[in-house]
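Q: Each of the two chains sits in its own frame; use the hints to bring them together as a complex.
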Amino acid sequence: MKLLISLSFKFLWKKSFWGNISTILSLVGLCLGSVCLIVTLSLINGYEYSLKKSVYDVSGHLIVDKLGRPIFDNQKFKNEFSEVFDPKDIVEEVPFVLREGLVAKEGQVRGVVLQLQAASKSGALFSRLNKKIIKGKNLSTDPESENVGILVGAGLAKSLKLEIGEVFPFILPYVSESGDISRKLQKFELVGILDLGQHDLNHRFVFSDLNPLVEFSGFSLNQSTGVRYFFKDPNKALIYQSKIQKLKGFFSARTWKDAHRTLFHAIEYEKQILFIVLSLMLLIASFNAASSMFLNLMNHTKQFSLLKSIGLSSFKVNIICLIQAVILAAVGSLLGVVISLAIISGLGALLKGGYIIPPVVYKLSQINLVVEFGDVFLVFLMSVFVALLASIGPIRMASKIKPVEGLKYE
Amino acid sequence: MSDYLLKAESISKSYFSDHRRLPVLNSVDLTIQKGESVVITGESGAGKSTLLQILGTLDTPTEGKIYFEDQNLATMDDYHLSQFRNLNLGFVFQFHYLLEEFTALENILLAWKISGQNLDLGRQKALGLLSEVGLLDRAEHYPSQMSGGEQQRIAICRALVMSPKLVLADEPTGNLDHNNTHQVADLMKSLVQNHNASLIVVTHDLQLAQTFPKHLHLRDGRWAPLIS
Ligand SMILES: Nc1ncnc2c1ncn2[C@@H]1O[C@H](COP(=O)(O)OP(=O)(O)OP(=O)(O)O)[C@@H](O)[C@H]1O
Ligand SMILES: [Mg+2]
Chain A
1 MKLLISLSFK FLWKKSFWGN ISTILSLVGL CLGSVCLIVT LSLINGYEYS LKKSVYDVSG
61 HLIVDKLGRP IFDNQKFKNE FSEVFDPKDI VEEVPFVLRE GLVAKEGQVR GVVLQLQAAS
121 KSGALFSRLN KKIIKGKNLS TDPESENVGI LVGAGLAKSL KLEIGEVFPF ILPYVSESGD
181 ISRKLQKFEL VGILDLGQHD LNHRFVFSDL NPLVEFSGFS LNQSTGVRYF FKDPNKALIY
241 QSKIQKLKGF FSARTWKDAH RTLFHAIEYE KQILFIVLSL MLLIASFNAA SSMFLNLMNH
301 TKQFSLLKSI GLSSFKVNII CLIQAVILAA VGSLLGVVIS LAIISGLGAL LKGGYIIPPV
361 VYKLSQINLV VEFGDVFLVF LMSVFVALLA SIGPIRMASK IKPVEGLKYE
Chain B
1 MSDYLLKAES ISKSYFSDHR RLPVLNSVDL TIQKGESVVI TGESGAGKST LLQILGTLDT
61 PTEGKIYFED QNLATMDDYH LSQFRNLNLG FVFQFHYLLE EFTALENILL AWKISGQNLD
121 LGRQKALGLL SEVGLLDRAE HYPSQMSGGE QQRIAICRAL VMSPKLVLAD EPTGNLDHNN
181 THQVADLMKS LVQNHNASLI VVTHDLQLAQ TFPKHLHLRD GRWAPLIS
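The listed protein sequences derive, respectively, from chains A and B.
First residue of the first sequence: 1, per the working numbering; consecutive thereafter.
First residue of the second sequence: 1, per the working numbering; consecutive thereafter.
The following block holds chain B by itself, in its conformation from the complex (with noise of 0.2 Å):
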């Protein structure tokens, strides 16, 4: 057994237009142990979405190989990433995306329903990360009904209720006011924590990436040492 969550070995990824090459990503390596949480800083452009949907496996790399547990995640086929994504992967954007024709509860499920798991046992799950996050009463409640700030919490939710290994989160508060930035951050660090996951975070808040314990930053594409 690996004694790492995740490790990414030089990866490299370029995207081609008009026949010229724009690499983004180049040689990047990096290891997530098993509990620990990461933030990823950079510029705008700097390569951070990108290196966080191949850690996520939404994306490919042109170069370079992901490992999670020891698994290589190159040679899954489409079904088998889609389980791996569903049972250890949970994912929280900038833009929310809940689906607006389903209410907070059923959002929530949306990644429980795909796995088949018993129902019950999801509700009960669900309702306990709401009433965690403070939206117990919410649950009815469909997206155009909330908050962003509100949204985002269920979008939180909604990453853990698989009780994923890897929270992968990208901008997550990107949207939101000061206030509601450092509440939305801290829930969910705590939350992760209480869940034994690990996290990745990317921002380009210097002051939230202050109160992570690792802090990587990216500049063209690459790890960079942090010039403030």
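Only chain A is shown next, with the shape it has when bound in the complex (with noise of 0.2 Å):
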């Protein structure tokens, strides 16, 4: 076995670069293949990454809310819920109010949604806005403040040319009992300026403290629009969501996939549809691999006589082949892999910059690479197994050389 080994070595590399060229080339080629897949991969699961964190940050993995009733009371809601979920798998549940109003600049209008929390309680998904303000500060719970903070997305700061410190109105429609439709004012002043990672959130969405708001917004300090939960595994959104809807009464509850559902649909197809073409792509590197190794095996004609002269069975002539062979995947495929974590990591660093692809036409401020390890592995295992593949007519071929063909003549 040591002497095929060795025999497989010394047959497949030679001590000059140009006798390689074709072993060396075909192991490019491989390694391309690779890395086309694994980049690709990578990328997708990025924006699906990407899209659902930007995603959970704002909406929480699971929304309940009453359908047709907007308002009900937290501790009754509290109390009717205890039984559905179980503390351990949540992580904060926050009760929140939504107001549609407008913003108005210097004759311009936006509608926006007002999203408010107790500042009690605000503590959570505030602070989870920490790290998306990109101007200014975060809301504090400053009494001294004789104006009432507002945190805006980046989009329509951009679009009223919103400043931090600035104060602007915001128009809320009211119906009163009797149906009559009137306004109310309430002056906000800019606190801080968000990037969601959303364009339409960016764009639509505004946050404020609900304590200085009861008056203005029509809602007490334990009523609420809904509940937000952000549980320890975001999967666990659908359990407790199938479990809500089999519930009587007027609850819905919506996760994170029913916010974009088609959208996660889309990627899920996109990535298997470039999983196929690009093995397709791993399928053409790997006739480059057979070509080679045919190559090398005429190169070794008279090699392979002169040892089953000296009585090398067939048999034997085959595994230096699959050794040269499984050589050939086994460098390739871990060369592509290597060369792909590179290539991430760097193509990482420009994308954080917002190169290549701008943001807005996938809906994302933000593009990032996520390696997924099950799918490296996967792209390995394939890459190997399709050079082995392809090494299988090589392999036919030795064996039927026969000694006298290569020792005839010179």
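Hints are computed from structural coordinates only; laboratory data are not their basis.
Take these hints with a grain of salt, some might be off.
Covered stretches of chain B (in silico footprint by chain A; criterion: 3 or more residues with CB under 8 Å from a CB of chain A, positions within the stretch not fixed) [as the list claims (entries may be wrong)]:
{"id": "1", "stretch": "50 to 59"}
{"id": "2", "stretch": "72 to 83"}
{"id": "3", "stretch": "99 to 105"}
{"id": "4", "stretch": "181 to 187"}
What follows is a list of derived Cβ distance ranges for each label pair [as the list claims (entries may be wrong)]:
{"id": "5", "chain 1": "A", "residue 1": "Ile5", "chain 2": "B", "residue 2": "Leu22", "range": "40 to 50 Å"}
{"id": "6", "chain 1": "B", "residue 1": "Glu63", "chain 2": "A", "residue 2": "Leu295", "range": "36 to 46 Å"}
{"id": "7", "chain 1": "A", "residue 1": "Leu334", "chain 2": "B", "residue 2": "Tyr79", "range": "45 to 55 Å"}
{"id": "8", "chain 1": "A", "residue 1": "Ile5", "chain 2": "B", "residue 2": "Asn196", "range": "27 to 37 Å"}
{"id": "9", "chain 1": "B", "residue 1": "His195", "chain 2": "A", "residue 2": "Ile5", "range": "23 to 33 Å"}
Taking beta-carbon pairs under 10 Å as the criterion, some of the chain A residues facing chain B (in silico) [as the list claims (entries may be wrong)]:
{"id": "10", "residue": "Lys2"}
{"id": "11", "residue": "Leu3"}
{"id": "12", "residue": "Lys14"}
{"id": "13", "residue": "Phe17"}
{"id": "14", "residue": "Lys52"}
{"id": "15", "residue": "Lys66"}
{"id": "16", "residue": "Lys302"}
{"id": "17", "residue": "Ser305"}
{"id": "18", "residue": "Leu306"}
{"id": "19", "residue": "Ser309"}
{"id": "20", "residue": "Ile310"}
{"id": "21", "residue": "Lys402"}
{"id": "22", "residue": "Pro403"}
{"id": "23", "residue": "Val404"}
{"id": "24", "residue": "Gly406"}
C-beta: ideal position from N, C-alpha, C; glycine also.
A: Have a look at this one:
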């Protein structure tokens, strides 16, 4: 066996660069195939991951509210759901109030969603927004300040040219019991500008504290339009969703998946299709490997003939070819994985700067590359498998070399 | 137990190309006794190499049978034939066919390694052979660092390392100058004798052929009297 291995290596690798060129090229081919697959998959994963994260951070993993009856009592809700949720799963539960209204500045008006949380509990949601503040600071519960503070998305701030410290009005439409429509007005001071990760969130969402706005919003401190849940495992959201849907009553439960159902589906399909297309590339690369192995074999017909004449059986010649194929496949694929990881870390830095893909196209303000080791392993296995598949031809040819052929004429 | 080492009975060989038959050997008989040295001569294209390769099981005859110590070689499969060649035959070719990737010693040891026997023993044997051909100091040299004559002497060591019963040499001196020819040929003959092996040499060097006790001549695929 030691002899077979040393023969495999010595026939595969020459001392001169040009002697190895076909081996090198087929290695590069295999390598590129894996690189394309791994980098593309990690881009898609990264997109999915960024999208999920931007959805999580703002909406939570699960939102529970009441169909057609936007107002409910926090304590009553808690009692009703005490049996539904396992406290161990929950990281945070945040009751919130949503009101739609208008922000106006210099004759321009934008429709926005105002999200309110009671300050005592606001730590939860707003601390999640900490990292998303790109200008100014987070809302503080500073009772000294005269104006009510507000956080707005970067898109809105840009389109209305809002500056930190600026005071602007928020108009809340209001329907009385008699059906008359009137409006309420509240002045806010811009405290911080957020990058919420998604284009439409950045244009539509503003955040403030419920405490000073009880009268303005029409909600008391223990009332809310819904509750957001953050779980240790985001996938738990799906389980609780189906649990809640089975309950009687008017509760509705939406998860991060519902928020962009078609988009998440599309990503899944996209991933599968790209995987298939790029696997074809690997297949093509494997033809390359096969041709280099054929070439290598032809260049060594004489040597194999001689070895057969001194007693090497056809079976052992096959094993030599197989070892060579395994070496090619393993080295090519491993190189592919290493280079992919290098490219990904380099590309990751470029993407962070927002080059290459304009984020708005994909509704995200930043795309990360996420390496899933399951994918990498799968690609590695596939590439090895495909390269071995390609070696079947050369191996069969090798065993058919007749000793006399290589020895006849010089 | 047979009294002969190798017996070939009415060996014929034809090549087929473009639906035409090209006869090369025509019912050739040959018996080699144990320890016997035989030289085969003939014009170019007479079929000498073809015959030698058939005797060495590197090629198969179209017709005829070959017995090696009573064993019919036609009945053996690839695995057993390989083993048979490994243990019983040694080859020396015109173009020495040393593997360039291996040193002289490694080249000599190839057959030994294939056989899977104890390597220390093999190394001793190989070094012994190297000193017999006077190239002990070249053991670690690569073929490209040696002259044609030296390479051929290494090839002879390689053929003998397994102590084969029969050594087959096809124009072993065909590539060497006059001096080297006789040196290599004498060396081969004495080594084969020392190791109690039989020897079949193919050559068209008639002068060399005269130094052999038994001389056969091939013409148009048959044995023919030597007309000089
Ligand atoms: N594969 C083949 N197909 C067709 N003809 C072949 C083949 N191999 C050998 N021959 C023919 O068989 C004949 C005998 O060849 P062989 O090599 O045995 O001659 P030789 O006596 O060794 O000649 P030389 O002294 O030149 O080496 C030649 O005419 C050759 O052309
Ligand atoms: Mg010949």
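Q: Let me know if the C-beta of Leu306(A) comes in closer than 10 Å to any C-beta of chain B, holds or violated.
A: 5 Å, holds
Q: Holds or violated: is there a CB of chain B closer than 10 Å to the CB of Phe17(A)?
A: With a closest approach of 16 Å, the Phe17(A) hint is violated.
Q: Can Gly406(A) be said to touch chain B, with a Cβ gap under 10 Å?
A: 9 Å, holds
Q: Would the hint on Pro403(A) stand, with a C-beta cut-off of 10 Å toward chain B?
A: Nearest chain B Cβ about 4 Å off; hint holds.
Q: Looking only at beta-carbon atoms, does the pair Leu334(A), Tyr79(B) fall within the given range of 45 to 55 Å?
A: Because 34 Å falls outside the window, the suggested range is violated.
Q: Is the listed coverage of the stretch 50 to 59 of chain B by chain A valid when you require three or more residues with a beta carbon under 8 Å from a beta carbon of that chain?
A: holds (count 4)
Q: How about Lys302(A): closest beta carbon in chain B under 10 Å, or not?
A: 7 Å, holds
Q: Next item in the hint list is Leu3(A). Is there a CB on chain B closer than 10 Å to its CB?
A: 4 Å, holds
Q: Under 10 Å, Cβ to Cβ, is where Lys402(A) needs to be relative to chain B, so tell me if that hint holds or is violated.
A: 7 Å, holds
Q: For the hint on Lys2(A), does the least C-beta distance to chain B fall short of 10 Å?
A: Interface hint status for Lys2(A): holds (8 Å vs cutoff 10 Å).
Q: Just to make sure I understand the rule, a stretch counts as covered if three or more of its residues have a C-beta closer than 8 Å to a C-beta of the chain. Does the stretch 181 to 187 of chain B meet that for chain A?
A: The restraint on the stretch 181 to 187 of chain B is violated, since only 0 of its residues have a Cβ under 8 Å from chain A and three are required.
Q: Hint validation: Lys52(A) versus chain B, beta carbon distance must be below 10 Å. Holds or violated?
A: 55 Å, violated
Hint violations for this structure: numbers 4, 7, 13, 14, 15, all remaining hints satisfied.
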